[in-house]
Amino acid sequence: MKILIVEDEPKTGDYLQQGLREAGFSVSLATTGLDGVHLAIEGEHDLLILDVMLPGMNGWQVLKYLQDQNRKLPVLFLTARDSVEDRVKGLELGADDYLVKPFSFAELLARVRTILRRGPPATEATTIVVADLELDLLRRRVTRRGRRIALTAKEFGLLELLMRRQGEVLPRSLIASQVWDMNFDSDTNVVEVAMRRLRIKIDDHVEPRLIQTIRGMGYVLESRERRP
Amino acid sequence: MTRSMSLTARLTALYTLVAVCVLAGMVAIVSTAVNRHFEELDDDTLLDKGQLIQDLLTKSDARVALRGRLDDALQSHPGLYVRIADADGAVWYASPSFRFPDCILNRSAAALSGNIFNWTADGKTYRALHTVATQRDAPDTAMRVWIAVNTVHHTHFTDSLHIALWVYAVLAALLSGGLGWFATRTGLAPLRAMRSRAQSVTAHRLSERMPAESVPVEMADLAASLNDMLARLQNDFQRLSDFSSDLAHELRTPISNLLTQTQVALSQTRDACFYRDILASNAEECQQLARMVSDMLLLAKAEHGLLLPNVERILLDEEVQALFDFYEALAEEKEIRLHRMGSAQLRGDRLMIRRAVSNLLSNALCHTPPQGVVTIRLAVKADTVTLTVANTGPGIDPAVLPRLFDRFFRADPSRPHADREGTGLGLAITRAIVQAHEGTVHVSSWTGETCFVMTFPRPPDESGD
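Chains as they are written, first to last, in this note's numbering: chain S, -6 to 221; chain D, 329 to 793.
Simulated from the structure, these hints should not be mistaken for lab results.
Check each hint, because a few of them may be wrong.
Stated by the list, open to error - Lysine to any residue pairs mimicking SDA-like chemistry, simulated, CA-CA at most 25 Å apart:
1) K94(S) - L575(D)
2) K94(S) - G633(D)
3) K94(S) - H632(D)
4) K94(S) - E631(D)
5) K194(S) - R665(D)
6) K4(S) - D605(D)
7) K4(S) - P582(D)
8) K94(S) - A576(D)
As the list claims (entries may be wrong) - Partial list, derived from the structure: chain D residues whose beta carbon lies under 7 Å from chain S:
9) A611
10) A618
11) R619
12) A657
13) L658
14) R683
15) S690
For each residue, glycine too, the CB sits at the ideal point set by N, CA and C.
Just chain D, same shape as in the assembly:
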């Protein structure tokens, strides 16, 4: 339940709860203080009257005179009742039309002595004092004096005070709740702004950003993180859609060749030789398509981290030598010298590493002018292993360097299939393979040389060599 409750409702409930507690505390304190105050007033009255009666008893010599004096003294105090009896139980004085309950009269003097006590009868609460006094004429006889006040008007007052306080408390709690709700709503306005901004983000409007600068400090971090996420998404999405359109374009070319050639061939009766040519050309286009599809699959797998079927120790020297053997004929034909320096080991998938280096090597051979040199340098550093493929040549335009590893990127877009250049996925595959080995690949180029550097983490158990 708490999960589905909105933040506003939750905070409003908390505000209200706090207000109720505070107000209830206040009501409790006020009513306790008022009650105590009234009790003190009553006690003062009782003690005062007790003193007065003692005085009268001391001064009065006759019972009749005493009654008259007491009547006079107590007349101005409605709700004050007095009973005076001697030790034998003979009543000297009793307020008219009032009777102390027997349970109080029967209690011994010692049990009541000096105490102020309450009792309730007929729905009225009385506060009473019992003292023992002496009469002038019979100083040896202890007179028992009961004095009681009716507290009904105090009770009336405290009752109405309680009602007023509780009404106030309820209203104040409701008001606090309302104010809390309002404050929360106002306070959370930036959150709603972010929500509505987030609702407006769609695949077509990934450029929307959270209002990071206008939200409170506490939410600025969140907004900034969300903005970073949106930026990454936008970037990835852009790459994905670029990639889709590149892919469609790349696939369209061979398919359109296939279709055109075949339809032209079919439009007339040709001789066998012509058909053979067309079929051979179609086969070449199909091979190109098949290669592109398997390269794409490889890249897709790389992105899902499925690229390393068997990891083993690889002697890079041997791999480079094998690749040199493979490319030897091509290099000789182009009058390019292949050269290897250093040695290193690596942990990884042999076929994949070979493929990654092969792509760099064929790329280098493709762009090295005659009489040039392609050098592969292997180096082991403190915690990395690097493989550098460097080739002499005019260098690469710095503007295209960052895009070199993009899929289907070709430095010269006008000639996509000149000289069987490949699918345009070679460097992308190299990067995917290197990344699958937790490495990085960088390219740097200046006049006279281009360097591709693959950096891998050094195998842990490899010692000094």
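Next up, chain S with everything else stripped away, as it sits in the complex:
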């Protein structure tokens, strides 16, 4: 997967590039709108991460230009402005998503994957399996090593999210938004508590532990202990 980043702030650009590379993407970086347009037209990219405030040609102009050139490319806007007008403008111009600075890298990664996944419709699996954990979407049943685990509806939703996006670090805000439709930061550690309770049901007394807490970033469900 090739991602093009257009970002004029050198530090932000470098870290985005490094982070996305380490997440397994092939990344190119442009520091001006004009360079970005050239790279976007010439290279075969799968996603454009576009800063709005750019010298010379701003993000909206870049997007407009690419559309005029009939260059279809998913776009994720990064901006320090979060007014509704700006958001609406970005989305109306055809951006796929919108992230307000400062954002957490885990959040960006989660959204990048969501956009890239949208492309071909995923085959609707009825069961998701990670190691010995099995989630039956039709019968809404969860089993581990064949033993049935009773979950509440929200716990089921939480586990489904983690399993569908296994291996991805999911930030708390994304979890709250996807599972409970809470699109703002709560003052409390609700997600931690819910995760802890889910973990007790899934992981207690069973090795290996599937649900990992990545401190400062979020949670990930994966079958092997890749991270300490």
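Based on the hints, put chain D in the right spot on chain S.
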């Protein structure tokens, strides 16, 4: 021009104008009266002499005797001229060294009969009478008599009177203007006092007030209004500067943590695990900072009335249920029961309302002791919709109740970040959101229960349910 003219100058000009009008009127009346008086005097003299001449003509039998008598009679009247002629035009008598103008002599008796008229010759004005008399010796012959008085000494008098009056009028107008200016200046002294008081108000001296009690009644209202305005400004300014220092303090804590941790970590070579810990801790601090900044932005937007992107009908029951689902795990862990009563609808921004209620709910969960209950009551009244979040617990100190919605206010200031308590902006955000929906939020607390009540205007088209 009128706008730039000072009030003093304007009032002085008006006073002067009024004085000039009054004085000019007086001068006009006096001079008219004097003129009329002199005319009457002259007319009396003329009629009197006319009568005298008629008498003399009646008594005198001879022309010579008549002239002598007339000379005697008219001697004492300088400036009185007489001409007597018979119907044939023969002059019987004429004052020496005076000639009536021909235009008057030629006019027929009928045209002049009984009239008193004026004429001017050589710069002198004469007033004259023409009568017809009869002589004793020739009673059938009409004698024409012209009598004229020179009015020059009257004119002299009225001229000097006019000069005196106008000099007086000008001086009096000037004096009135001066007095007007003085009176205005004195009268407007309270205004100047207010101005100089206003000039002394600065950001550092917002406690200055207008002298409301010492100014005249007409200005007391203005002074009181200005004082109210100053009080509001002072209050807002105080809040703003408190807020700035709170903000600096709140931002300083995580930044100082970040800096200290990072510098301590860099001071020696550490193992990877240590670095990871530091970075994770830094990430947490950064998230805290980012949240604080976005909360601040939200509040700033609320103050500019930019908080309601999409207004729609909200079923509060559903929103509360969604929030209960969200907080369920936390409540269960703390052994707190969540309970909802009633149902209601509202018009507003769903995300914002959810956020406002969420803040109250998380606040309630935070302060409810184990085995407690958090109840959300929804009620529809005549023209309001209320949402009450009540929780059991020891209650809140009445002293801190009024400050509960202030930004960065924490009941226990010593532990700002204990247990990820949040940015201290939650209740301020709730209030901002409620106010953006034209509602109010109140808190009341007593032993055993604390109640936050949000009151919104009832949606207009909502019927009974």
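Right, here's what the structure says about each hint:
With a C-alpha separation of about 20 Å, the suggested pair K94(S) and L575(D) falls inside the 25 Å cut-off, and the hint holds. Proposed proximity of K94(S) and G633(D) is supported: the alpha carbons are some 22 Å apart, at most 25 Å. In summary, the hint linking K94(S) to H632(D) is supported, as the alpha carbons are separated by about 21 Å, within the 25 Å threshold. Note on K94(S) and E631(D): the hinted pairing holds, with a Cα-Cα distance of about 22 Å set against a maximum of 25 Å.
In summary, the hint linking K194(S) to R665(D) is supported, as the alpha carbons are separated by about 22 Å, within the 25 Å threshold. With a C-alpha separation of about 22 Å, the suggested pair K4(S) and D605(D) falls inside the 25 Å cut-off, and the hint holds. About 21 Å separates the Cα atoms of K4(S) and P582(D), which keeps this hinted pair within 25 Å; it holds. Annotation: proposed proximity of K94(S) to A576(D) holds, straight-line Cα distance about 21 Å (limit 25 Å).
A cut of 7 Å between beta carbons decides the hint on A611(D): the least distance to chain S is about 3 Å, and the hint holds. Below 7 Å, beta-carbon pairs count as interface contacts, and A618(D) has one with chain S at about 4 Å; its hint therefore holds. At about 5 Å, the closest approach between the beta carbon of R619(D) and any beta carbon in chain S falls short of 7 Å, and the interface hint on this residue holds. Because the smallest distance between the Cβ of A657(D) and any Cβ of chain S comes to about 4 Å, under 7 Å, the interface hint for this residue holds.
Against a cut-off of 7 Å between C-beta atoms, the interface hint on L658(D) holds, since the closest Cβ of chain S lies about 5 Å away. Here the hint on R683(D) is kept, as its CB sits about 5 Å from the closest CB of chain S, short of 7 Å. The beta carbon of S690(D) is positioned within 7 Å of a beta carbon in chain S (closest approach about 4 Å), and the interface hint is therefore held.
Comparing the model with each numbered hint stated earlier shows that all of them hold.
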